[in-house]
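Colleague: In case you want the letters, here they are:
There are 2 protein chains.
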Amino acid sequence: MTPQEAYKELTQRTKKIATLSSCSSVLAWEERTYMPRGGAEHRAAQESLIAGLVHEWLVDPRIGELLATLEASPIVKDPDSIEAANVRETRRLYDRETKLPKELVEEFTQTTSLAQGEWADARKKSDFKHFLPWLEKVVKLTQRVAECYGYKDEIYDALLDGYEPGMKTAEVVRVFSALRPELVELNKKIAHSKKKPDSSIVHRAYDKDLQRVFGESVAAAMGFDFNQGRLDVTTHPFCSGFGPGDTRITTRYNPNRLNDALFGIMHEAGHALYEMGIDKEHNFGTPVGEASSLSLHESQSRMWENQVGRSREFWVYFFPQAQRIFRDALGDVTLDAFYGAINYSEPSYIRVEADEATYNLHIMLRFELERAIIKGDLKPADIPGEWNRRFKEYVGIEVDKDSNGCLQDVHWSAGLFGYFPTYCLGTMYSAQFFAKAKKDMPDLAKQIEQGNLSGLLGWLRKNIHQFGSRYRAADLGKRVTGEVLSHKPLMDYMNKKYGEIYGF
Amino acid sequence: MTPQEAYKELTQRTKKIATLSSCSSVLAWEERTYMPRGGAEHRAAQESLIAGLVHEWLVDPRIGELLATLEASPIVKDPDSIEAANVRETRRLYDRETKLPKELVEEFTQTTSLAQGEWADARKKSDFKHFLPWLEKVVKLTQRVAECYGYKDEIYDALLDGYEPGMKTAEVVRVFSALRPELVELNKKIAHSKKKPDSSIVHRAYDKDLQRVFGESVAAAMGFDFNQGRLDVTTHPFCSGFGPGDTRITTRYNPNRLNDALFGIMHEAGHALYEMGIDKEHNFGTPVGEASSLSLHESQSRMWENQVGRSREFWVYFFPQAQRIFRDALGDVTLDAFYGAINYSEPSYIRVEADEATYNLHIMLRFELERAIIKGDLKPADIPGEWNRRFKEYVGIEVDKDSNGCLQDVHWSAGLFGYFPTYCLGTMYSAQFFAKAKKDMPDLAKQIEQGNLSGLLGWLRKNIHQFGSRYRAADLGKRVTGEVLSHKPLMDYMNKKYGEIYGF
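Top line first, the protein sequences correspond to chains A and B. Numbers 1 to 504, taken from this note's numbering, label the letters of the first sequence in order. Numbers 1 to 504, taken from this note's numbering, label the letters of the second sequence in order.
Among the hints, erroneous ones may be present.
Copies of the same chain look alike in the list, so a pair counts if it fits in one copy or across any two.
[To be verified] Okay, derived cross-link-like pairs now, DSSO-like style, lysine-lysine, Cα gap no bigger than 27 Å in a straight line:
hint, residue 1, residue 2
1, Lys-15, Lys-478
2, Lys-124, Lys-392
3, Lys-8, Lys-102
4, Lys-8, Lys-438
5, Lys-168, Lys-446
6, Lys-188, Lys-208
7, Lys-16, Lys-102
8, Lys-462, Lys-124
9, Lys-15, Lys-99
10, Lys-196, Lys-392
11, Lys-140, Lys-125
12, Lys-15, Lys-102
13, Lys-77, Lys-8
14, Lys-392, Lys-462
15, Lys-478, Lys-152
16, Lys-152, Lys-497
17, Lys-401, Lys-195
18, Lys-189, Lys-125
19, Lys-478, Lys-129
20, Lys-462, Lys-436
Hint data in this document are derived by calculation from the structure and do not stem from the laboratory.
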């Protein structure tokens, strides 16, 4: 068998796996958008059957043989080639999928499934003690899982790698340690500022249908192609790429909160533009036909949501449009008042409701705690105390009850350790990429003021989207910006923006 | 291996196949309801992958071994038992699926796929000659397929059996020969009648959203459970049972034709009630957990659409409700005028737009022609002449062009020979079942007048739905009504109804 033949067989296999797996994406999307509740049990059976098949096909020893052949061949000589990237990332997936004993996977699936139910009950009653024994079980199982994956430096690396290939805990610590004090400082300035925007403007009455119309027009202006995607309604918004030519986003409309759906749609459309910009026609079903990492995905959603959507330039063009659609709510509002309102910031308990200035403090707190839990430095029983202490220190307010604190997120009950930091890494990348885009296109701000968002999209496609997983996030970041990941572009941007709005 | 073990393994296998196959149902439903057009190519790849797997699992020789073991065991001793029925119908499927050589399946799939495109072009131009070479290819391939399946009496049996297990061509000929002259006679009376209802009433302006609201209320009154199903919009209406707890129906709304969506929804909801009434919780994935045949399915849709939905009793209760919803269109209309309008009948070219009195003439003509084509008694080239001659004789009008004649239906280009007669068989069953239900429940008409449709649904569940494929259609018909399939109940019902409306 020549390396070319091995490569062909490998990609045929991964393509078949990806096609089957994409059927599950459709099932899961439909479950959350339209499925009547009576269909839940059978839908679970459908998804579980496909998940089982996908796993079975992925751990086929033949894939191991093909990888071994290819790794010893000249095909991987240029590490930046598409072929080398596909071999590298398929190896990573294959190893992760084959390293866990079947019994452990089953125990993990069962325990986290039950733990999520117990967590929901505990959150309702704000009763951490009720959740504690389940959390302890999940932590122990997650530690066993991480041991199976293996690691060099520290155990948390093994989990982080599942969401952010190649990323190390030490690197996260490096950038978070630099970011946190500066962000805490910024939030103190905001809190102590005498000048405050009037946030009530965005809490007026906004008709849901009109929110949809405006949101769709913004998504279309961003470049979201409605011939190759849809916007639907779900309780928890998400983006799902089904495959070439079909990427779905969802949102939820609150008739008294303009920000939720508006920036939610821009966020999910940002994810979708990444999916739409990958060359799936040629590469679907291989790693190069997929996004590189969660942080890179988040860099795209956060860039459109914040760097673009919460910029003054953007609203120079779009505010008059918004005024035409929301005549009653915005007719008497000035551009600057609106710009202030959408950027209003104050400390709050719940991560998913946090504003741009406080959000990453929520994330860093979670990262610090979950890293300590997995290492065994922090006992699950001690989480509430440690959570509340740090929350006061970083965000500046006392947690009143655990449902507003350590019980608010589903992640730990589901065994999703290592996921949280990607949100903050992505935000940092978004600022770093956007700063570079501005440098490359000195008139970018002017383009955006004119409602022309295609320059930015073109830059993103050329520099980021088209590559899929060809480069890992850190490597791509360096290729694009010439620098390693840094908190500086994010803090420069935030200090400038909030300084102007809050007058410091 | 004990027969019990073999039975358990067989049903586990068929359940797995059915679960995977039901994923395809979701994909196909989503394709027709919500999918953006850019997703078409990838969706085809998803569906083709699943179809291939389903076929592969179904022709596994292990299924043949298990069937052989079971057929020689006491498990099938009682032919009316669930076990015997599951073995019988799985054998039928297994044989049909294994009898076709792979090359033939591929050639058939490719040719019919192309032929459907050519047919669409030919219909647009009303150019039969353009379609002829493709039709000839499809007919030859279909004959080869039928030869592979095998038959005792005549070749058409082999095709009919695909849609109507156990049904023979001779039996279709028996009932159609009795029905046709009487139906032609009835239509002549209608055509020559001096008394005509005013059909313009149902062609007034009916708001699409209100049509949906009213249609959903009727479906709910029929017993369609919106916790276990949905109603959506598609170009071509259909019903699809995804599995336990999830059955979807679709319709299309025409703002100037009340009948289309209204009776369309009742028709599809009738199909859905059958799906919902099968004991899928216990039997899903085995033949007994599925509908018995296309004609039985059509008996349910036609019963709700015509026997119930086009009855005067039904509108005694529902017409005042319709008047409240469609105030402008129906405010000045009497119950009798409305009842006449929804039952207005006149000859027309297009089957899917035909009314209750003429519809089955369209079907019988198609059956006669396709039987002759498959037997080789009629050359494809001679179809237009033969079609137009019989159409004039049965329906009473001259076909003006082939797009209004033999080019109107997709079926033959798709190789669907043997499908058409089930529409008419189902209509006959619907009348025969409904007559028996009336006999069993002498106050059924009164129940319906009071808007109470649960008595009928209960009767259908008890006598028909619950059995799934436990009995074949003809056997179930005899069990329920004590008689073989007959045209008489249908003609009695139609002569009485149209006699009253048209005054003869």
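Colleague: Confirm or reject each hint.
Modeller: Consistency of the hints with the structure:
1. Lys-15 x Lys-478: Neither: 29 Å inside a copy, 51 Å across copies.
2. Lys-124 x Lys-392: within (23 Å within a copy, 72 Å between copies)
3. Lys-8 x Lys-102: between (29 Å within a copy, 24 Å between copies)
4. Lys-8 x Lys-438: neither (41 Å within a copy, 66 Å between copies)
5. Lys-168 x Lys-446: Cα proximity of Lys-168 and Lys-446: none, with 38 Å in one copy and 76 Å across.
6. Lys-188 x Lys-208: neither (35 Å within a copy, 56 Å between copies)
7. Lys-16 x Lys-102: Answer is both: 23 Å inside a copy and 20 Å across each meet the 27 Å cutoff.
8. Lys-462 x Lys-124: Neither, since 47 Å and 44 Å both go past 27 Å.
9. Lys-15 x Lys-99: within (22 Å within a copy, 30 Å between copies)
10. Lys-196 x Lys-392: Answer is within: at 22 Å inside a copy they meet the 27 Å cutoff, but 82 Å across does not.
11. Lys-140 x Lys-125: For Lys-140 and Lys-125, the Cα distance is within 27 Å only inside one copy (25 Å; across copies 70 Å).
12. Lys-15 x Lys-102: Both, since 24 Å and 23 Å are each at most 27 Å.
13. Lys-77 x Lys-8: within (17 Å within a copy, 52 Å between copies)
14. Lys-392 x Lys-462: Intra 43 Å, inter 65 Å, cutoff 27 Å: neither.
15. Lys-478 x Lys-152: within (24 Å within a copy, 74 Å between copies)
16. Lys-152 x Lys-497: Neither, since 41 Å and 84 Å both go past 27 Å.
17. Lys-401 x Lys-195: neither (31 Å within a copy, 78 Å between copies)
18. Lys-189 x Lys-125: neither (35 Å within a copy, 74 Å between copies)
19. Lys-478 x Lys-129: Neither: 45 Å inside a copy, 64 Å across copies.
20. Lys-462 x Lys-436: For Lys-462 and Lys-436, the Cα distance is within 27 Å only inside one copy (13 Å; across copies 71 Å).
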